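Chains as they are written, first to last, in the numbering used here: chain A, 34 to 251; chain B, 34 to 251.
It should be emphasised that the hints constitute simulated quantities derived from the structure, not laboratory data.
Possibly wrong hints are sitting among the right ones.
One copy or any two copies: either way a pair holds, since identical chains are not told apart in the list.
Below 20 angstroms or equal to it, Euclidean Cα-Cα: the simulated DMTMM-like pairs (lysine to aspartate or glutamate) are [to be verified]:
| no. | residue 1 | residue 2 |
| --- | --- | --- |
| 1 | K124 | D77 |
| 2 | K71 | E182 |
| 3 | K236 | E182 |
| 4 | K56 | D194 |
| 5 | K85 | D181 |
| 6 | K71 | E161 |
| 7 | K195 | D185 |
| 8 | K236 | D181 |
| 9 | K195 | E117 |
| 10 | K236 | D196 |
| 11 | K85 | E162 |
| 12 | K236 | E162 |
| 13 | K124 | E157 |
| 14 | K236 | D194 |
| 15 | K56 | D185 |
| 16 | K71 | D196 |
| 17 | K71 | D101 |
| 18 | K56 | E117 |
| 19 | K236 | D193 |
| 20 | K195 | D95 |
| 21 | K35 | D181 |
| 22 | K236 | E157 |
| 23 | K71 | E157 |
| 24 | K56 | D68 |
| 25 | K124 | D194 |
| 26 | K195 | D68 |
| 27 | K85 | D194 |
| 28 | K124 | D101 |
As the structure is a prediction and not an experimental result, all values here were calculated from the model.
There are 2 protein chains.
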Amino acid sequence: MKTVAIIGGTGHQGPGLALRWAKSGRYRVIVGSRDAAKAQAVADSLNARLGKRLVEGMHNADAAAAADIVVLTVPYSAHLATLESIRAQLKGKVLVDVTVPLQPPRVSHAYIPPAGSATAEAQEFLGEEVRVVCAFQNVSATHLSQLDEPLDCDVLVCGDDKDAKAEAIALAEAAETRGFDAGPLQNAVVVEGLTAILIGINKRYNADGAGIRITGLP
Amino acid sequence: MKTVAIIGGTGHQGPGLALRWAKSGRYRVIVGSRDAAKAQAVADSLNARLGKRLVEGMHNADAAAAADIVVLTVPYSAHLATLESIRAQLKGKVLVDVTVPLQPPRVSHAYIPPAGSATAEAQEFLGEEVRVVCAFQNVSATHLSQLDEPLDCDVLVCGDDKDAKAEAIALAEAAETRGFDAGPLQNAVVVEGLTAILIGINKRYNADGAGIRITGLP
Numbered sequence: 034m035k036t037v038a039i040i041g042g043t044g045h046q047g048p049g050l051a052l053r054w055a056k057s058g059r060y061r062v063i064v065g066s067r068d069a070a071k072a073q074a075v076a077d078s079l080n081a082r083l084g085k086r087l088v089e090g091m092h093n094a095d096a097a098a099a100a101d102i103v104v105l106t107v108p109y110s111a112h113l114a115t116l117e118s119i120r121a122q123l124k125g126k127v128l129v130d131v132t133v134p135l136q137p138p139r140v141s142h143a144y145i146p147p148a149g150s151a152t153a154e155a156q157e158f159l160g161e162e163v164r165v166v167c168a169f170q171n172v173s174a175t176h177l178s179q180l181d182e183p184l185d186c187d188v189l190v191c192g193d194d195k196d197a198k199a200e201a202i203a204l205a206e207a208a209e210t211r212g213f214d215a216g217p218l219q220n221a222v223v224v225e226g227l228t229a230i231l232i233g234i235n236k237r238y239n240a241d242g243a244g245i246r247i248t249g250l251p
Numbered sequence: 034m035k036t037v038a039i040i041g042g043t044g045h046q047g048p049g050l051a052l053r054w055a056k057s058g059r060y061r062v063i064v065g066s067r068d069a070a071k072a073q074a075v076a077d078s079l080n081a082r083l084g085k086r087l088v089e090g091m092h093n094a095d096a097a098a099a100a101d102i103v104v105l106t107v108p109y110s111a112h113l114a115t116l117e118s119i120r121a122q123l124k125g126k127v128l129v130d131v132t133v134p135l136q137p138p139r140v141s142h143a144y145i146p147p148a149g150s151a152t153a154e155a156q157e158f159l160g161e162e163v164r165v166v167c168a169f170q171n172v173s174a175t176h177l178s179q180l181d182e183p184l185d186c187d188v189l190v191c192g193d194d195k196d197a198k199a200e201a202i203a204l205a206e207a208a209e210t211r212g213f214d215a216g217p218l219q220n221a222v223v224v225e226g227l228t229a230i231l232i233g234i235n236k237r238y239n240a241d242g243a244g245i246r247i248t249g250l251p
């Protein structure tokens, strides 16, 4: 069984992903935080919801070290600093970057970082020893944590390594939704920016977790 | 009744849009082309399908001059040249730009023009006298022309003028689908780039017209 670590896993997106992946029984799941005690507390509360001790809590670096697949769910302002803090532990692994480069307070405006996307920044920063893909930016934290309801949002996965994309697609399936190969890392700008559009749609159309589905498939 | 002109309307996307809008009975519909005879021939064939003379064919500039709302459906390589050819006729009007900045042969890679998007290029080129919005990039030409089948693709509309966005949303509704205010012109990069992702999904998943739906609405 592969181990997935969710770095910054005590924030908005992390706990819901941890719940879904733990529930699937397909992964060993670790929630990471800068504060190991906080990670443990969040893991405890998730385990209470699951009715089983399935999720572990660790310091971010320990979580990354223990993982086969590392998932990053931090605010954009903490993106590069967090990557720096787990750089040594990422070597040779797959990094699934969930970061959306939002520029508060204009969180419904798509912002394009100089490298092209947050995912491209991560890949540039980490170099070729880490295979970076983007995924899960469009799935609402609200819906992720509603364990009894199926996710009604597809996961678009971008990256330059096919095997790494397959890992992220498998994670989407373990969360009981669909994952799609959405092309090269260059396309991450679209998937990240779509989150800004969905945040705007939430506000304008009074939704609390707009998402997307791909239509027109055979 | 408002008049909508589809510039470059004899290509892939234009005829299907013309069919849907003519069928709705909500607009006078003109198909434009650089070649007036070709525009007329396409209008004739659409009218044959509709069983009524509803669509007119004209030279692009005449079509734009006659219209309240101008819709642009040309390949990216013809984008600025076409805008130049109808610039005088666009003043004071709404331009709905359907152009996707694809860079053949890499049509499944999202390309970002220097201005940020094709729509932003159009707005910069035309200046404040024309209100530019983007819409309809994600709707497949194949499905548009299948008049008997409802469109299974939402239309994301970006622009900096709320009334202009409302015109595009009304056009989406006339095509029997949903249009969403997807935020400022700055977000057009996402909607345009999503088409590259959908083209890639068509190839990888053997679809001929992948689209998107917004989920999670109240």
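Now for the hints, and whether the structure bears them out:
1. K124 with D77: Cα proximity of K124 and D77: none, with 29 angstroms in one copy and 63 angstroms across.
2. K71 with E182: Close neither inside one copy (27 angstroms) nor across copies (53 angstroms); limit 20 angstroms.
3. K236 with E182: neither (22 angstroms within a copy, 31 angstroms between copies)
4. K56 with D194: neither (28 angstroms within a copy, 46 angstroms between copies)
5. K85 with D181: within (16 angstroms within a copy, 52 angstroms between copies)
6. K71 with E161: For K71 and E161, neither the intra-copy (32 angstroms) nor the inter-copy (52 angstroms) Cα distance is at most 20 angstroms.
7. K195 with D185: neither (25 angstroms within a copy, 29 angstroms between copies)
8. K236 with D181: neither (25 angstroms within a copy, 34 angstroms between copies)
9. K195 with E117: neither (25 angstroms within a copy, 42 angstroms between copies)
10. K236 with D196: between (37 angstroms within a copy, 18 angstroms between copies)
11. K85 with E162: Result: close neither inside a copy nor across copies, 36 angstroms intra and 63 angstroms inter.
12. K236 with E162: neither (40 angstroms within a copy, 29 angstroms between copies)
13. K124 with E157: Result: close within a single copy only, 14 angstroms intra versus 44 angstroms inter.
14. K236 with D194: between (35 angstroms within a copy, 18 angstroms between copies)
15. K56 with D185: within (17 angstroms within a copy, 32 angstroms between copies)
16. K71 with D196: Classified as neither: same-chain Cα gap 33 angstroms, cross-chain 48 angstroms, threshold 20 angstroms.
17. K71 with D101: neither (22 angstroms within a copy, 59 angstroms between copies)
18. K56 with E117: Close neither inside one copy (31 angstroms) nor across copies (58 angstroms); limit 20 angstroms.
19. K236 with D193: So K236 and D193 pass the 20 angstroms test across copies only (17 angstroms; inside, 34 angstroms).
20. K195 with D95: So K195 and D95 fail the 20 angstroms test inside a copy (27 angstroms) and across (50 angstroms) alike.
21. K35 with D181: Neither: 24 angstroms inside a copy, 48 angstroms across copies.
22. K236 with E157: Neither: 34 angstroms inside a chain and 28 angstroms across chains, both beyond 20 angstroms.
23. K71 with E157: Neither: 30 angstroms inside a copy, 50 angstroms across copies.
24. K56 with D68: Close neither inside one copy (24 angstroms) nor across copies (61 angstroms); limit 20 angstroms.
25. K124 with D194: Only inside one copy: K124 and D194 sit 15 angstroms apart there, 47 angstroms across copies, limit 20 angstroms.
26. K195 with D68: neither (34 angstroms within a copy, 45 angstroms between copies)
27. K85 with D194: Neither, since 35 angstroms and 53 angstroms both go past 20 angstroms.
28. K124 with D101: within (10 angstroms within a copy, 58 angstroms between copies)
Checked against the numbered hints above, the structure breaks hints 1, 2, 3, 4, 6, 7, 8, 9, 11, 12, 16, 17, 18, 20, 21, 22, 23, 24, 26, 27 and satisfies the rest.
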